[in-house]
Amino acid sequence: NAGVMQNPRHLVRRRGQEARLRCSPMKGHSHVYWYRQLPEEGLKFMVYLQKENIIDESGMPKERFSAEFPKEGPSILRIQQVVRGDSAAYFCASSPGTGRIGELFFGEGSRLTVL
Amino acid sequence: AQRVTQPEKLLSVFKGAPVELKCNYSYSGSPELFWYVQYSRQRLQLLLRHISRESIKGFTADLNKGETSFHLKKPFAQEEDSAMYYCALLGGGADGLTFGKGTHLIIQP
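From first to last, the protein sequence lines stand for chains L and W.
Mapping the first sequence onto the working numbering, position 19 (from 1) lands on 19, and the numbers just tick up by one.
Mapping the second sequence onto the working numbering, position 2 (from 1) lands on 2, and the numbers just tick up by one.
Just chain L, same shape as in the assembly:
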């Protein structure tokens, strides 16, 4: 089991462009979480998804950010019209949804730099 896979690991965008970050959960996991880590800050919850459903998006900025987890394929975090303040590390985590509650399996993160 390769674990949670995120790509790209590093992404550079200019202001106003779009950023797409992908996350493939661990095999057998149907729950995906996205977190953002700003410099000198902890991990901030953004969104929790199950296949084809957004369960909790209370941590997502109201504009420009969206997330999906389609029936087939990876989960995608999309940031439109990026600004410098979007520069951060974005972490994806997955869980099976059963068993040990609170145990999330993290990817290595995608580092977004906005020029």
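Everything labelled a hint here was simulated from the structure, so no lab data went into it.
Certain hints may be false.
Covered stretches of chain L (in silico footprint by chain W; criterion: 3 or more residues with CB under 8 Å from a CB of chain W, positions within the stretch not fixed) [claimed, not checked]:
id	segment
1	19-28
2	40-47
Below, simulated BS3-like cross-link-like pairs (lysine-lysine); rule was C-alpha separation at most 27 Å, straight line [claimed, not checked]:
id	chain 1	residue 1	chain 2	residue 2
3	W	LYS9	L	LYS44
4	W	LYS65	L	LYS44
5	W	LYS15	W	LYS101
6	W	LYS101	L	LYS62
Every residue, glycine too, gets a C-beta built ideally from N, C-alpha and C.
With chain L's structure known, arrange chain W on it following the hints.
Just chain W, lined up with the frame of chain L:
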């Protein structure tokens, strides 16, 4: 609103000395608390959870509801304990874990 506070950004102790990483939380209900660890060049991973009352790699953590704390302790630090440690709270419902800002633990030889 739920909140997790780790007051120490950096903690440096000598090998063999006791370690205590502090974590305080704010939550109105009955929380579940966790410690996650990230070793150099590795992914963030679960270290232990209060509900299991377990000791992992010599670390223990006791939930103190009166002081709203969940400090992580180890009696004798080892060099391989050097890592970033994050305290996290699960407040119930469908939302994800709330993490503290993390404490960078450095064990000096």
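Status of each hint after checking the structure:
1. With 0 residues having a beta carbon nearer than 8 Å to a beta carbon of chain W, the segment 19-28 of chain L misses the requirement of three or more and the stated coverage is violated.
2. For a cut-off of 8 Å, the count of residues in the segment 40-47 of chain L with a CB near a CB of chain W stands at 6, and the three-residue condition holds.
3. For the suggested pair LYS9 (chain W) and LYS44 (chain L), the alpha carbons sit about 17 Å apart, so the restraint of at most 27 Å is met.
4. In summary, the hint linking LYS65 (chain W) to LYS44 (chain L) is supported, as the alpha carbons are separated by about 24 Å, within the 27 Å threshold.
5. The straight-line distance between the Cα atoms of LYS15 (chain W) and LYS101 (chain W) is roughly 24 Å, inside the 27 Å bound, and the hint therefore holds.
6. In summary, the hint linking LYS101 (chain W) to LYS62 (chain L) is supported, as the alpha carbons are separated by about 23 Å, within the 27 Å threshold.
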